[in-house]
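Build the complex: two chains, separate frames, hints provided.
Line order of the protein sequences matches chains A and B. Taking full-length UniProt numbering, I'd label the letters of the first sequence as residues 1 to 332. Taking full-length UniProt numbering, I'd label the letters of the second sequence as residues 1 to 337.
Hints are supplied without guarantee of correctness; some may be wrong.
No more than 20 angstroms apart at the CA atoms, straight line, and that leaves these computed lysine to aspartate or glutamate pairs for DMTMM-like [claimed, not checked]:
(1) 104(B) / 299(B)
(2) 295(B) / 293(A)
(3) 45(A) / 151(B)
Here are some chain B residues the structure puts well away from chain A; computed CB gaps all over 10 angstroms [as the list claims (entries may be wrong)]:
(4) 54
(5) 121
(6) 194
So these bits of chain A aren't anywhere near chain B, every CB distance computed over 10 angstroms [what the hints assert, rightly or not]:
(7) 85
(8) 130
(9) 151
(10) 252
No wet-lab data here; the hints were simulated from the structure. All C-beta atoms in this analysis are idealised placements derived from N, C-alpha and C, irrespective of residue type, glycine included.
Spelled out, the chains give:
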Amino acid sequence: MTAPIETTGPAAEAQPEAVLTGAKQSQIEGRSLGQIAWARFKRDKLAVAGGVVVLLLILLAVLAKPIQAIFGLDPNEFHQDLIDPALLAPKGAWGGMSWDHPLGVDPQFGRDLLARIIEGSWVSLLVAGGATVLSVVIGVVMGVVAGFYGGWVDTVISRMMDTFLAFPLLLFAISLSATLQDGAFGLSGLPLRISVLIFVIGFFSWPYMGRIVRAQTMTLRNREFVEAARSLGARGPFILFRELLPNLVAPILVYATLLIPTNILFEAGLSYLGVGIAPPQASWGGMLTTAVDTYQADPQYMFVPGLAIFITVLAFNLLGDGLRDALDPRSK
Amino acid sequence: MAAYFIRRVFGAVLLLLVVSAVTFAIFFLVPRMAGQTMDQLAAQYVGKDANPDTVAAVKKNLGLDQPLYAQYWDFIRQIFVGADYKFGPDVQHCDAPCFGYSFKRHIEVWPEIVSRIPVTFSLAIGAAVIWLISGIATGVVSALKRGSFLDRFFMSVALAGVSLPIFFTGMLALGVLTVQWPIWSDGINYVPFTESPLDWAWNLLVPWCSLAFLYSALYARLTRAGMLETMSEDYIRTARAKGLKESRVVGKHGLRAALTPIVTIFGMDFGLLLGGAVITETVFSFQGMGKYAIKSVQDNDLPIVMGVTLTAAFFIVFCNLLVDLVYAAIDPRVRYS
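If we strip away everything but chain B, and leave its shape as in the complex, we get (with noise of 0.2 angstroms):
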């Protein structure tokens, strides 16, 4: 189990690496390619009509006057140990961890990203439990219950969630619920969970819903798909032969089994939620991280997009390496492979 860990844990930190030099070539070196000017780039960062000092100061502070690995070393180093930002005569200091800096705002990236993740959290951690009860639930019983109504019934609704946009329906929701029948006639608004736990989950019932929905519906079709096969497995008749309980049958060696992809999946899409529902955020104007970022993109503040893409980098990461623990703890098949 100790070397299962460490190989994971090893595995995850190459991972980020990964992660992160494809996020910097995005920035850095994708823009090259494209043929623009280290100039243009520089200009990007502080908007057109910036002087020429300013341009100047950006080119330095970023490293674009550097080779390509320097810069990218530069760019890892700043998350560990911090880096001073220098114009002119004034120093600005970005305390590790260092996710960048704002050139447009004068202000640190990491901390910023900081005081948006309790929104995007509560978002993504709600939706999840939500999703994860209807959908598994609602597969199951579709596969215990293939061809009844109900399973034709639950699919249906399934193929109409995968095929509808979260934009769509999230905004349906909206209009409905506070103009068409005002139960929320105030507007949907975050309020931080620590001012009143009440209105935290109110407000934030109908975008947990949005976004439940969606992955429901994928949850609900991937573990009917998944019972349907490991309930045909010879070893589910063993089970029964010896006759253990209808539901233990079940539970214990048919839905552990089928749940073992599920996870994997959960791991991915959890820890893309964690990085910023963007979507969601937009539709319901929350200031998460995923909101924060498009805003920064329309605002030509890039040096916040890469703080949050990296962020949102680190959260998958984390949650796949979670995922690989959790499966040697349900299967052990895994710990010896």
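Chain A with its partners taken away, still in its complex shape (with noise of 0.2 angstroms):
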């Protein structure tokens, strides 16, 4: 699957920054980049709402435990009551749904739907955030040498990430775990299966961000506050992390924020083959691999994990999106 390449969105209604402070204001006051950034972010309403969704996802997958234990959920509970032998669907409406079971309950097992989405939740995520962590460290960490030091360094890195590009990420993500076996790294079950999926996803896609980092760094390199600077006695280091990285925030928090949704899809995609998270473990793409078979007796159950993953990319999408905007100078 393809990551996000750098895209310039819509840019927001073109009105004068000032404009937006309102009339009323007799004074003029002089705001940061932060402040000007968060008022046009604060325009952008479906990114708003795409940010709010994402902070309830994050608290739905953080507090996962805690809520499942308060409202007495358990994702590996079998109602068997709640099944039609004949069919192996649920009976009732709907795919079984009722106040015991707001989202109904899953074929053959009769395993309450809410539980194994708030249990999927933090798995997706865990996975998704870890891997972007790993991606953008490494991904910033080789844009900006490149970036910086140019002349054969650049070159080594360019062609890394040409390289990587290359590569068939979804067929190693498949080979790798195929070949690591319980016990690999000292690691096994759920644990090893989340540690290969962070690890695969993260390391084979920094290349995304690197390249986008090493774009912002040639540019920002060759900018007069770079060469004052310089020109007072400051090194490479120094440059590097107090004149070069502040400036490299934006993008950076831009293209992290785009590549998660893109990783959710990932690790959806390899649990949905059998490949990713092992059942019995609760996760969105195994949810949906079980969907497949019995699509005739029970047809409601794949919206359910399916609307799931397509809320959270979406919102994870128009808070990228949004972001960009409002921190991109050029979309204005």
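Right, here's the structure in full:
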């Protein structure tokens, strides 16, 4: 699958920033770039909505265990009494929806879908978040070094990025999950699965971040403020960390936000194929695998994990697009 | 041009070597690093309850008893000259190009892969045609009519498209079109082109559209962004100022420049799909290369997974090379850099 490439989004309605503060304000105030970006971001209702959903999802994922405990939701408890033994589908309309099971129960076993969706949320966000952090760290280091030092260092790193982009990522992930058996690296079961997924997705997708950071660094390197720092006697590391990196925060933030939904889809895809998170652990992708076989008997089932993935990915995409429009001066 | 060509081909060969080394590392180096013994590794290729003789034979045949570099040398060598797999007194010859030998089913991997290529290629090529046309067309229209209702509509659909997993849209299409409103009442099954071109296209239509929906969305977003950027360039104003027709300004000056990054991405996406549209093939139960790899993972038949991975790597590198050459044709600057 393709990871997000740099795209210039729809420009926010081009209005002078002064208009935003309102006509009533008589006094002219200086505003930082962050404040301007925040003002622009607030105007973008879809992006704000996306941000709110993302925050709620993160809360849900972090508090998954306490929420399940409080509401007595058990993702792996069987309710065979709710399953029609002939069809192996839930009894009743809409996939067995009821007050006890607001999203219904799954076919065959009658496990509560709300509990399984909540359970799947932390797995999904942990893998996607972990992989994003890994690829951002590698990508930023490589990109800054390549862009700042140039010359043969840049050539080597750029070739490396081209090479990584030519890897059949999905097949590598499938292969790794096949070769690494329980006990690998002293891990087994769910921790092994999660680590492998984070490593595979993160380690092979850093060049997307690396390329963007490299290009940004190259343009920043020749700007006056870097020249000024250098003429004051600043050396490489100081310029890198104190002068360049703060200016790179905005693009890094934007593309990290846009990498997360790609990684969520990737994790769900691998789990769907049966090479990601292994059952009985609930995962959104894994839930869709069983939906194929039970489509005829229980057609509603697939919408629950399907919409969970869709809403999550859409929210991250809206937030990322909004952040880019707010932070990217070119999108004016 | 000749120098450029030679440099690119050389680069592609180098890239192929690196990808094969990484594939090799995934199958033989990473498990070693993870702390697996060679006997455990060999046992993975024949199943847990294989007798010790079989495991020993596999170990010898895969070169697991040799140092890593010797094993890698044999791994590359067998692709060009083939290899003999020995099981006690029996010898199985694996003809070049030998992409491995399945110890579980006692078959050569390469012919098995070749037999599944038509399915994967049919799926990838058809989908690519659809997504290129629809994705680029909607992207261009959206950029030219920026802010209009059409633009907003297309971009909303595109945003939904990049946010929907293909295994959900594919399954939904399959369910709706074969059960709910049974237009494809017999289900969707792959029919070889040579058997009946009409049935071939009819059965592939739904998988094509499912796959193309995802990529169209992506390409529409990319094309729109690229077009917006190029259409504000000075040379576009110059082209208009010298009185060119708008269609020519957009087509020849705008789109051509906006398409160059799209061509690069297309090379990678298309190459990746030729090596197995894993998820789409799984959703529609098409016996292509990707589905074969997944099935082999479930059967613990690792040589097949490795063979498919290598083949996929080859297709990606090959498509990238083609793209580089197309690049030189559409963008003269590339040739001289």
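Comparing the hints with the structure gives:
With a C-alpha separation of about 9 angstroms, the suggested pairing of residue 104(B) with residue 299(B) holds against the 20 angstroms cut-off. For a cut-off of 20 angstroms, the pair hint linking residue 295(B) to residue 293(A) stands: about 16 angstroms separates their Cα positions. Simply put, residue 45(A) and residue 151(B) have alpha-carbon atoms about 18 angstroms apart, close enough for the 20 angstroms limit, and the pair holds. At roughly 18 angstroms from the closest C-beta of chain A, the C-beta of residue 54(B) stays outside 10 angstroms, upholding its exclusion from the interface.
Non-interface status of residue 121(B) relative to chain A is upheld: no Cβ of that chain comes within 10 angstroms, the nearest being about 16 angstroms off. The claim that residue 194(B) lies off the interface holds: its Cβ sits roughly 28 angstroms from the closest Cβ of chain A, which is beyond the 10 angstroms cut-off. At roughly 22 angstroms from the closest C-beta of chain B, the C-beta of residue 85(A) stays outside 10 angstroms, upholding its exclusion from the interface. A cut-off of 10 angstroms between C-beta atoms confirms that residue 130(A) is not in contact with chain B; the least separation is 19 angstroms.
The non-interface label for residue 151(A) is consistent with chain B: the shortest C-beta to C-beta separation is roughly 17 angstroms, beyond 10 angstroms. With a cut of 10 angstroms on Cβ distances, residue 252(A) stays outside the contact zone with chain B, its closest approach being about 19 angstroms.
The structure is consistent with each of the numbered hints, conforming to all of them.
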